[in-house]
Amino acid sequence: MTTRNLTLGANVRNLAVEVAPAVIAVARRLGTVALYLAVLIYLIFCLAPLLFMVLASLKSDVEIFDPKALFSFTPTLVNYQEVLTGSTGAAQAAASYMGASTGPRALLASAVVTIISTALAIIFGSAAAYGLARYPFRGSRDLAFFILSTRMAPPIAFVLPMFLVFKALNLLDTYFVLIIVYTGMNMSFVVWLLRGFFQEIPIELEQSALLDGYGRLDVFRKIALPLAKPGIIAAAIFSAIFAWNEFLFAAILTADHVRTLPVAITGFSTSMGIRWGAFMATAAVGIIPIFILTVLLQRHLVRGLTFGAVK
Amino acid sequence: MATVELRHVWKKYGEVQAVCDLSLTCRDGEFLCLLGPSGCGKSSTMRMVAGLEKITSGDLLIDARRMNDVPARDRDIAMVFENYALYPHLNVHDNIAMPLVARRLARSEIDRRVHEVAEILSIVPLLPRRIRKLSGGQKQRVGIGRAIVREPRLFIMDEPISHLEARLRADMRTELKRLHRRLGVTTLYVTHDQLEAVALADRIAVMHEGKLQQVGAAAELFDQPANEFVAGFIGSPPMNMLGFHTASLEGEDLLLEGTGPAVRIAAVAARLHATLPRGPLTLGIRPIDIELRPPDSDVTILGRVLLRERLGDHDRFLINCASESLVVEAPPDGSEMAGDAIGLYFPPSRVHLFEGSTGCSLFGRDSRTP
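Chain order of the listed sequences is A and B. For the first sequence, the numbering used here gives the first residue as 95, with consecutive numbering after it. For the second sequence, the numbering used here gives the first residue as 196, with consecutive numbering after it.
Simulated from the structure, these hints should not be mistaken for lab results. All C-beta atoms, glycine included, are put in the ideal place defined by N, C-alpha and C. Misleading hints may appear alongside valid ones.
Result set (DMTMM-like, lysine to aspartate or glutamate): computed pairs, CA atoms no more than 20 angstroms apart in a straight line [unchecked claim]:
hint: 1; chain 1: B; residue 1: K249; chain 2: A; residue 2: E298
hint: 2; chain 1: A; residue 1: K316; chain 2: A; residue 2: E294
hint: 3; chain 1: A; residue 1: K323; chain 2: B; residue 2: D289
hint: 4; chain 1: B; residue 1: K207; chain 2: B; residue 2: D254
hint: 5; chain 1: A; residue 1: K316; chain 2: B; residue 2: D269
hint: 6; chain 1: A; residue 1: K261; chain 2: A; residue 2: D350
hint: 7; chain 1: A; residue 1: K316; chain 2: B; residue 2: D289
With the C-beta cut set under 8 angstroms, the calculated list includes, among others, these residues of chain A facing chain B [to be verified]:
hint: 8; residue: L263
hint: 9; residue: L265
hint: 10; residue: Q293
hint: 11; residue: L305
hint: 12; residue: D306
hint: 13; residue: Y308
hint: 14; residue: L311
hint: 15; residue: P324
hint: 16; residue: I327
Please take these sequences and the hints and turn them into a complete structure.
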């Protein structure tokens, strides 16, 4: 009885061994197909609005709401012309209602605020991160946590106090106010990302440079910064995206004098209706700089975000 | 070139004492090895000399000048690290050039000296390569190149070749020795590998638990270990140690008694440099020094062969004597097999005697004189 059971067991096992690879291969292929399908659906979900935006920006205001003209229409650059040159062309009446041309000035304002605030966040953030990573002092961990905690409350909670403070300082509606706010808000992210990078650099590299005759500042500049480059690039891209897209603070703290792109877009939502064509064209133009930046630095970005996760 | 002197140096990390009251002098042009098991304080000592760690108390003198508060960059010391510590974002040439760039030398002068060093280390073809593309041995050559290019007055090498594979390690050992001959720069070398220390060093400083145990040439440490730790640490296979409860002198003979059979060592009284202590003692003898004899001849102790390993030019025996196991290395000509009774003879000039409580040697030099 026992012997029979044993042989039966062995047969079943042999069968399993023969069947298993084929089943596993099929299952694996099905899994791959399902995965790609899921990715495809997600991509459509993400990119369809973008496509719709670009298409709409190339249509006249009438065609935008014509379902038959979703893909078949006569492309026009009139919206872009209005946004980029400020010449109002066909939409003269509506545009004059909005006051001065918004496009070029908004682009310039966004660029100034984004570039300066990102540069400042990286300069001060990397120095702070290096200090926290390399010179532990009493309370340095608490300080690091405090820096992180500045991002914990919802930004809208800060808007009113900030408005009052900057009003008292007579800084409302200046480049300076947005630069300082964005620098501050990006700081916590930059410090935490770069602190991890600096900690991952073997201390011997820096000690070796010290013995080679370099001072502390040289070690930071010539060893630590180049080695943390992927992190710095990742931090810079995220800071720039934040500053470029930020709406809430820009809407509250600035008005006519400094008007960034996200705020300018809302200008097309007028009391006479929403001007979708110009709206979409401005949005499309607004995406381009960040799009180019991300594509160019993508390689570093991936390395920057996965750094430390693998090791 | 430089003389390095440590005077009563202590290093404490909070409550932990990494280095205790270390006094040690490294002579001008000397190759001094700091040898000890991991955690013995040897690396802390090096790092204090290099200026990477603060000295808790005591003085560090280089060329008779107190260096405790001189920053690392001004000490004119080059260091070779265990993990190479090469700059991964620079190529080989620029790595070696780094110390010269720091000194703001002219571009042509830098190139000339980098090439000179690359030739000494035969790594000229590697100069344009990225660090990532190098093998371990090549990396360490670059590390050494970066150290020698600036012609410092002192080299510090912290386990520079312990990450390399065995064959390469032997080659690099020879190369380091050759380099030292050629350059003549004072070198402090940290290692846990006694083979490296013996092969390279003019003198070896053995450390254990933060304390200096003994300083001397390899032969001196081998023949006259100052204490039980040094005796057990230097030499492979390690020295055999036999514990006894009491010792007494009978004329010139030493009589040792313990739980097992008594042992008599003839005519060694003259080697004693102190009176025999009352407490327990340890008798030490190296595997190579024991003579195997027929059991019925003049022997020190009787035993039984447990194991015989044939190693080619010699055989290694594991022999059971009373409750202890002894290792003996003997020429491969005897006929003793496992299970055979055998006699062991300890030549009186080759035995070591240690005080049980302190571990200090009762023969030869006192461990406390450096």
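Should the interface hint for A:Q293 be scored as holding, given a Cβ-Cβ cut-off of 8 angstroms against chain B?
16 angstroms, violated
Was the hint right that A:Y308 lines chain B, CB cutoff 8 angstroms?
5 angstroms, holds
Hint A:L311 vs chain B: min CB-CB distance below 8 angstroms?
12 angstroms, violated
Mind checking the alpha carbons of A:K316 and A:E294 for me, to see if they're no more than 20 angstroms apart?
16 angstroms, holds
Holds or violated: the hint that A:D306 contacts chain B, with Cβ atoms closer than 8 angstroms.
4 angstroms, holds
Any CB of chain B closer than 8 angstroms to the CB of A:P324?
11 angstroms, violated
Is A:K316 within 20 angstroms of B:D269, Cα to Cα?
Cα-Cα ~18 angstroms, so holds.
For a C-alpha distance cap of 20 angstroms, please report whether B:K249 and A:E298 respect it.
16 angstroms, holds
Holds or violated: is there a CB of chain B closer than 8 angstroms to the CB of A:L265?
With Cβ-Cβ at 41 angstroms, over 8 angstroms, it is violated.
Report holds or violated for the interface hint on A:L263, using the least CB-CB distance to chain B and a cut-off of 8 angstroms.
43 angstroms, violated
Need the status of pair A:K323, B:D289: alpha-carbon distance at most 20 angstroms?
Holds: A:K323 and B:D289 sit about 18 angstroms apart, inside 20 angstroms.
Pair hint A:K261 and A:D350, alpha-carbon separation not exceeding 20 angstroms
15 angstroms, holds
This entry does not satisfy hints 8, 9, 10, 14, 15, 16, going by the numbered hints stated previously.
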